[in-house]
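S.K.: This is what each chain is made of:
There are 2 protein chains.
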Amino acid sequence: MQAAAAAVRHPRLFPPSRPAPRGTSAHPAPLRLLACHRSAGKRLAFEDREYTVQDLAAPGAFDGVDIALFSAGGSVSRKYGPAAVARGAVVVDNSSAFRMDPEVPLVIPEVSPEAMGNVRLGQGAIVANPNCSTIICLMAATPLHRHAKVLRMVVSTYQAASGAGAAAMEELKLQTQEVLEGEGANTQYFQTAGCSGLQIEYAFNIFSHNAPVLENGYNEEEMKMVKETRKFWNDKDVKVTATCIRVPVMRAHAESVNLQFEKPLDEKTNWLCLCCSIILRGAPGVTIIDDRASNRFPTPLEVSDKDDVAVGRIRLDLSLDDNRGLDIFVCGDQIRKGAALNAVQIAEMLLK
Amino acid sequence: MQAAAAAVRHPRLFPPSRPAPRGTSAHPAPLRLLACHRSAGKRLAFEDREYTVQDLAAPGAFDGVDIALFSAGGSVSRKYGPAAVARGAVVVDNSSAFRMDPEVPLVIPEVSPEAMGNVRLGQGAIVANPNCSTIICLMAATPLHRHAKVLRMVVSTYQAASGAGAAAMEELKLQTQEVLEGEGANTQYFQTAGCSGLQIEYAFNIFSHNAPVLENGYNEEEMKMVKETRKFWNDKDVKVTATCIRVPVMRAHAESVNLQFEKPLDEKTNWLCLCCSIILRGAPGVTIIDDRASNRFPTPLEVSDKDDVAVGRIRLDLSLDDNRGLDIFVCGDQIRKGAALNAVQIAEMLLK
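So the protein lines, in turn, are chains L and X. 3 is the number of the first residue of the first sequence in the numbering used here; add one for each residue after it. 3 is the number of the first residue of the second sequence in the numbering used here; add one for each residue after it.
Chain L with its partners taken away, still in its complex shape (with noise of 0.2 Å):
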């Protein structure tokens, strides 16, 4: 479906496995599904439940919604979002549109239910989702950022097929089979930007990701990752530098992020265990995979269909001397934690 924006009265858009409390049976309709007029009238099952998908440009298709869940793209949000608002509902957007909005607060919940600030059901307001490599980089750096400051952050994704939609995860799998069969690879999804002679063979290849390149030479992924950490953790100061590859994987993210923090440890602080134990052990939403002996740390298979974001690879830097720099290896599901579960859980916090 294209387009789509889910409109919830209730929260009833939980995954199966986080049990919806049970709505009121006066609201008899408490989720609505809107999308654009090509999808109208589909029927969608959702819990023992079935919905008919409703235009999302008719007239009042936002009347009386309490909670906008958009997921459809920037231009829909960029359109649409308002009008919602502007009904009252709050907006929870997982598209980039409003991330840099000084307005919109940008929300990963598990580490900042403050930055909601004055936002209520009931008044309209717009709520941004990180990008997805943000939200799993940002989940475990966060807590660490909150001990010692972080300075600097260099990070390397490795992007699964998923961040690009359906369409790109069907053509690896499709692209892998042609490869195995000695078939040559069919490429319909990525060919590169602007040059439409140029295609990208996804089966058994990484590549630089596919969002555009802008002038300073990162592209638009990478971009998001600067931007939206400063937002995040509110200062303007902190380094990031990324670089963005996709690799043929289904649907989790992993990153390997270096961090230069600002505190100089002293020689008496275990850095590392303080940071296992105490800092990433306590922090919700995630999980350590770091067993040294048997060479077990997270990989993006292991967290697939999972909600929480595992940690791994946890050392310290030997390149910066003092203590001053960690590397550790993060992998989340792009699907839950990186989009649908985090907007979820923003949901959830206007509930409580």
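Keep in mind the hints are simulated off the structure, nothing from the lab. There's no promise every hint is true.
Identical copies carry no separate label here, and so any pair may be met within one copy or between two of them.
[As the list claims (entries may be wrong)] Straight-line alpha carbon distances no greater than 27 Å define the calculated BS3-like cross-link-like pairs of lysine-lysine that follow:
no. : residue 1 : residue 2
1   : K238      : K265
2   : K265      : K308
3   : K241      : K265
Dock chain X against chain L, hints included.
M.R.: Chain X only, in chain L's frame:
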């Protein structure tokens, strides 16, 4: 063939794409293939001739050998390398056995021919090939280092199956087939170290490099990059940190490399153009693929079976002041430049 060592009397061990100078007919057997007793007696074809594999441990195995290319792991190199040297051969060793030995040159011919020092044909000696990830990184980083002195390097790798050998490549292929056919993935090769019950699924997955993890939290592959870079640049102060990750790619490695330089470049210097145009474009064995408009950058598939290392995503690092940092993305064929080609190039240097 396990435990194989090839001994060369004439430069005939060149890939077909690199035409070998025709040897004189005065040497009827310019190439000798050596391996453990299990493989002795096998017949192997090379170019227009068949060779019988001989027993490495047989008396006189290295008699009359000028150059011995060892590619059979550290224990074989340690056991038989000195025997070859005692017979006057120059051993070009692809294992890690002698790399950090201060008496042994660590050579990448394009960027450090001078490291060969006094090694001459006919005077027994050992020359070491660096680790594959190190070679691929330093092919691009060394020309930049010579220009502006690298102070610190943060590397994240995307390593192919080939680095773990033919069995790993076969496992990736078979496992991927199994997963696409809806079967459970059968893991034989990548069982995690020290914990036989635990297995790493490779199909559509990435994972921390399978080398043993040391007490400092780095794995052996990462420490090779740290130590070999210091030795190669003859700079014990250069700071390196690396995170080595295996990706489901067949035979070429990729690396995201962040470089921090000593020289603060003045504003008038167009550092980026300088890097691209003068330094890297002039670097032997390096191809630049850096087309921002069409989002075309190096990929492992594109450099597979190629000699050159490809460099792209060349951009000023936003997170460092004074134009002191650069982000690059490097890809190189792990079997060619990361191993066999580099050894053959060292042999060619000896024959000049």
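S.K.: Run every hint past the structure and note whether it holds.
M.R.: Tested hints:
For the homomeric pair K238 and K265, the shortest alpha-carbon distances inside one copy (18 Å) and between copies (26 Å) are both at most 27 Å. Taking identical chains as interchangeable, the C-alpha atoms of K265 and K308 are never at most 27 Å apart, the minima being 34 Å within one chain and 46 Å between chains. Taking the shortest Cα distances, K241 and K265 sit within 27 Å of each other both inside one copy (15 Å) and across copies (19 Å).
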